[in-house]
Amino acid sequence: MDPQTSSRAWTQRETTVIAALGVVFGVLYLGWAQLWLMLQVPLGVIMLDVMFGFWCIVSIIAAYIIRKPFVAFGSEVIAAIAEVLTGHPAGLVLLLTGIVQGAGAELPFALTRWQNYSLAVLLAAGASAAVFSFAYTWIRFNYGSLSAGLLITMFVIRVASGMLLAGYLGRVLAERLHRTGVLAGLAIDTTSGAPSPKRA
Amino acid sequence: MRDSEWRPLHPVNPLTKLAAAIVLVIAVTVVFDIRFQAAVLALIVVVLMVLEGVPPLRLALVMLPFALMGFGFLWTNLLFHEAGGYVESLGRFSLLRGSALDDGIVVFLRAVNFGAVSYAFVRATPPADLARALMQNAGLRPTVAFAVFSVVQFIPQLQDDLRQLHLAHALRAATAQASGIRSLVGLPRRYVDLVIPLLAGAVRRAQRSAISMEARGLTHPMRRSFLVCSKFGRADLVFALASSASLMLMIGLAVV
Numbered sequence: 012m013d014p015q016t017s018s019r020a021w022t023q024r025e026t027t028v029i030a031a032l033g034v035v036f037g038v039l040y041l042g043w044a045q046l047w048l049m050l051q052v053p054l055g056v057i058m059l060d061v062m063f064g065f066w067c068i069v070s071i072i073a074a075y076i077i078r079k080p081f082v083a084f085g086s087e088v089i090a091a092i093a094e095v096l097t098g099h100p101a102g103l104v105l106l107l108t109g110i111v112q113g114a115g116a117e118l119p120f121a122l123t124r125w126q127n128y129s130l131a132v133l134l135a136a137g138a139s140a141a142v143f144s145f146a147y148t149w150i151r152f153n154y155g156s157l158s159a160g161l162l163i164t165m166f167v168i169r170v171a172s173g174m175l176l177a178g179y180l181g182r183v184l185a186e187r188l189h190r191t192g193v194l195a196g197l198a199i200d201t202t203s204g205a206p207s208p209k210r211a
Numbered sequence: 004m005r006d007s008e009w010r011p012l013h014p015v016n017p018l019t020k021l022a023a024a025i026v027l028v029i030a031v032t033v034v035f036d037i038r039f040q041a042a043v044l045a046l047i048v049v050v051l052m053v054l055e056g057v058p059p060l061r062l063a064l065v066m067l068p069f070a071l072m073g074f075g076f077l078w079t080n081l082l083f084h085e086a087g088g089y090v091e092s093l094g095r096f097s098l099l100r101g102s103a104l105d106d107g108i109v110v111f112l113r114a115v116n117f118g119a120v121s122y123a124f125v126r127a128t129p130p131a132d133l134a135r136a137l138m139q140n141a142g143l144r145p146t147v148a149f150a151v152f153s154v155v156q157f158i159p160q161l162q163d164d165l166r167q168l169h170l171a172h173a174l175r176a177a178t179a180q181a182s183g184i185r186s187l188v189g190l191p192r193r194y195v196d197l198v199i200p201l202l203a204g205a206v207r208r209a210q211r212s213a214i215s216m217e218a219r220g221l222t223h224p225m226r227r228s229f230l231v232c233s234k235f236g237r238a239d240l241v242f243a244l245a246s247s248a249s250l251m252l253m254i255g256l257a258v259v
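As given, the protein sequences belong to chains A and B, one line each in that order. If you count by the numbering used here, then the first sequence holds residues 12 to 211, one letter each, in order. If you count by the numbering used here, then the second sequence holds residues 4 to 259, one letter each, in order.
Think of the hints as simulated: they come from the structure by calculation, not from any bench. These figures come from a predicted structure and were not determined experimentally. Accuracy of the hints is not assured; some may be wrong.
Partial list, derived from the structure: chain B residues whose beta carbon lies under 10 Å from chain A [as the list claims (entries may be wrong)]:
(1) Ile25
(2) Val125
(3) Leu168
To spell it out: a stretch of chain B is covered by chain A in this simulated footprint if at least three of its residues, at any positions, have a beta carbon under 8 Å from a beta carbon of chain A; those stretches are [stated by the list, open to error]:
(4) 48 to 56
(5) 114 to 123
(6) 137 to 151
(7) 195 to 207
(8) 210 to 221
(9) 244 to 255
Every residue gets a Cβ at the ideal spot worked out from N, C-alpha and C, and that includes glycine.
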């Protein structure tokens, strides 16, 4: 690893890659939100919990690729900023959501001092984002008025979704992206144990 | 930005508008009262239609997804309502406590208001002005701001990439037709196959952009000069006073 990339500060290349991931997932999140809206009307608020994980996948992917402090948080916030900059009507609210979910995803990485990016930590990051998000939506959508049984079901589903759609799928996508060779020189490529990319 | 026409809210510093919008979002979250939520919605609709010149039909279309979201919360409240809890904890702000329909209507209005406030901010704030204000007045690192701005320019290219990938996948699907269930099982795999090239293309472009930014000395720590300065002025004072007064009035409606 060269001295620049071994530093804990983000390099320009890393910052731009995080921004690119944020912008692409900002666009994909919108498509996912449309699907959620269609399903939410007949199936109710539980669909938010079922589909939740995908909305914080970028934090897992970016953290797994860059492996530096605050990448999970930053990428989620950048995805939200990109939605504001592209003029998406819900941009500002998504910024608050991004801050909450990003902080949740960042916590497990911070607890390992940004040294451990194993599948267990990625799943924990997805679960942590789900817990933070649940507390946020509890206040935002007045979950206190719902029955305890429904709330427990929603919480369990949301944590499972965070682990599966963010933690597990995030790692699958990051590894598939790594195999394309575009991440050469970034931490995922230089850290031992990561699958080697196909090079042209 | 959607148009270059002058609007009354555009001279206000984006950070003043951001602060006002955040305060309003917090108020919408905390004050659990139908009259307050309805007053906020009415205020934002007036601001958007009168000050921002948004046609009613366009406004209705923009608000539709938020209304759909709110509707989901409304009927869930009706079916799975449990009296007490958070609503009760808000004490005197909760004028209509205990009723499933009332709670559901407040949550519905709150979902719509989140969207309305957010849209009003996005509509009244040109993105370049916001980025400039964040850099000059809020300490956002230019390396981050320029990185985000440069990749936002890729979005039209991403749409082209997506169209081409869809065409390529459609051609492949035409040659290898799967049965109904097999087609459904293969859906996640097809999704991953679509996302990876999209991401790879964006990352490749981003890295080229980063190299060109480094080559132009963007990453060098220095005192930067800006062609357009983001300042706070009389418009900000007037806007802040008007926003505070409106908020106090609407909270007063809920308390009285």
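A quick look at each hint next to the structure:
Nearest Cβ of chain A to the Cβ of Ile25 of chain B: about 8 Å, under the 10 Å cut. The hint holds. The interface hint given for Val125 of chain B holds, since its Cβ lies 5 Å from the closest Cβ of chain A, which is under the 10 Å cut-off. With a cut of 10 Å, the hint placing Leu168 of chain B at the interface with chain A is violated, because the nearest CB-to-CB distance is about 13 Å. Three residues within the 8 Å Cβ limit are the bar, and the stretch 48 to 56 of chain B against chain A gives 0, so the coverage statement is violated.
For the stretch 114 to 123 of chain B, the stated coverage by chain A is satisfied: 6 residues place a CB nearer than 8 Å to a CB of that chain, which reaches the threshold of 3. Residues of the stretch 137 to 151 of chain B lying with their CB closer than 8 Å to a CB of chain A number 4, which satisfies the three-residue condition for coverage. Here the stretch 195 to 207 of chain B counts 10 residues with a CB under 8 Å from a CB of chain A, which clears the bar of 3, and the coverage holds. Coverage of a stretch by a chain is defined here by at least three residues with a beta carbon nearer than 8 Å to that chain's beta carbons; for the stretch 210 to 221 of chain B and chain A the count is 7, and the condition holds.
With 0 residues having a Cβ less than 8 Å from any Cβ of chain A, the stretch 244 to 255 of chain B misses the three-residue criterion, and the hint is violated.
Of the numbered hints listed earlier, those contradicted by the structure are 3, 4, 9.
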